[in-house]
Amino acid sequence: MKLVQETPFRFRIERQAPMRVPGVVFVSRDLMPEEQALQQIVNVATLPGIVGASYGMPDLHWGYGFPIGGVAATDVSAGGVVSPGGVGFDISCGVRLLAADLHREGLVPVMDRLMDDLDAATPRGLGGGGVWRLPGPAQLDRVLREGACFAVRAGHGEARDLDRCEDQGAVAGADPGQVGTRAVERGLLQVGSLGSGNHFLEVQAVEEIYDEAVAAAFGLRLGQVCVMIHCGSRGLGHQICTDHVRAMDKAMIDYGIGVPDRQLACVPVDSPEGRGYLGAMAAAANYGRANRQLLAEAARRAFRQVAGAALALVYDVSHNLAKVEEHDGRRLCVHRKGATRALPPHHPDLPADLAPFGQPVFIPGTMGTASYVLTGVPGGHAFHSTCHGAGRVQSRHQAARSTSGRELRARLEGRGIAVRGSSWRGLAEEKPDAYKDVDAVVAASVGAGLCRMVARLVPLGVVKG
DNA sequence: ATGTCC
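For the first sequence, full-length UniProt numbering begins at 1 and goes up steadily by one.
Don't read these hints as lab results, they were simulated from the structure.
Glycine included, each C-beta is placed from N, C-alpha and C at the ideal position.
Be a bit skeptical, because a hint or two may be false.
To be verified - Derived CB-CB ranges, DEER-like:
no. : residue 1 : residue 2 : range
1   : T7        : G127      : 42 to 48 Å
2   : P356      : G416      : 24 to 30 Å
3   : R29       : E326      : 32 to 38 Å
4   : D112      : G223      : 19 to 25 Å
5   : A213      : P135      : 45 to 51 Å
6   : G223      : R406      : 27 to 33 Å
7   : R331      : A138      : 30 to 36 Å
8   : P356      : T7        : 25 to 31 Å
Turn these sequences into a full structure, and let the hints steer you where they fit.
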């Protein structure tokens, strides 16, 4: 593999057969990922119909088929493919940020009670029940088609929330008929739950503002209390990915498609299997949005009761999704896996009041480190995409071996960060040093011209999945 | 990420 540094934050992997396009990785030398992740960029570059380049974001690391932090677009009318590995198992995993009408000083006297209420109001952990007990598949069908809109229609939220969600709260084209019975069974029990792993609900404070005008437009000011929710589509999305990878693995033979890694199973976007996956994926995306909407409502109740404060939605955006988008007059299937859409100012898909400022992007740090609010920039690369988080450097196993959950919690609480966990093991697996430095990832993203900084948020309390 | 293997 021939890696050429083009700028301080951009490396090119020269195209050589069977690559159809070059690789472009937006990293600094310090953030250069393991060889396996770069090899995955190369593998993705061989996919039928891929255009531009196979991209890697600054938080790039090894994943299932595609790297996490990978962006790839295929030309639908030129036999371009869709690959479930380009979205990942946690379909539509994403982040929502809410801003409280409250300064962090006002929170101090009620913080313990607030954290206890959020702890009780946030279903989480492996398996388990959600905040909604769906009576049956008919109700789930509406969640899958209508996403956050269904939650709001059912009284869980305000109309304005939907203006501040990607796709106004529901991805079009959801096809519940493509969601298997097992995915349905798993989905019925988990609507409105956080999950586990790196998913969390965090109470944060705005510590620094880099762009006053954009921050004000997003509804953010210095010292303000915020709530960040990071979660996905739970077992439902996972099962959909499993089912459709299996189906494509068989079907791709009929389309004469060969890939260097079986985990890159794919079929043309414009095929029954391709449309089937995208329909099921959209349904999972809507499930994820309903999930975040319901969790946000639970947080609103706690804030209202304990602090008399209201929470306004800043935005809700996914970082694991494939979307058919128009770029330079072509219909492209843009896969973003561990990569966040970052629309530039004046993009037609932005809500009117945000149009001059670009799309809000949220980068969750790890427990105990900062999170960032970013915005899209004109001329953004990689089909308007940027990073999504810190990115792991240690496996879960490595992380849990070197730290205990109790020790970690004591360390965080010693620094004034309240912790409400769901399992000690899960807590240990998420220790901050298991991740890259989120400050460096964001600096590289800005340096590479993928986005710009709006605000930095610090954790006050974390409800951990 | 995930009822961490049907």
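Going down the list of hints, with the structure as the test:
1. For the pair T7 and G127, the supplied restraint of 42 to 48 Å holds, since their beta-carbon distance comes to about 46 Å.
2. At roughly 37 Å, the beta carbons of P356 and G416 sit outside the given window of 24 to 30 Å.
3. Separation of R29 from E326 is about 35 Å and conforms to the stated range, judged on CB atoms against 32 to 38 Å.
4. For the hinted restraint 19 to 25 Å between D112 and G223, the CB-CB distance of approximately 20 Å keeps it satisfied.
5. Here the CB-CB span from A213 to P135 is close to 47 Å, well matched to the stated 45 to 51 Å.
6. Between G223 and R406 the beta carbons are some 32 Å apart, a value that agrees with the proposed interval 27 to 33 Å.
7. For R331 paired with A138, a C-beta distance near 33 Å keeps the hint of 30 to 36 Å intact.
8. Evaluation of the 25 to 31 Å hint for P356 and T7 yields a pass: the beta carbon distance comes to about 28 Å.
When each numbered hint is compared with the structure, a violation occurs for hint 2 only.
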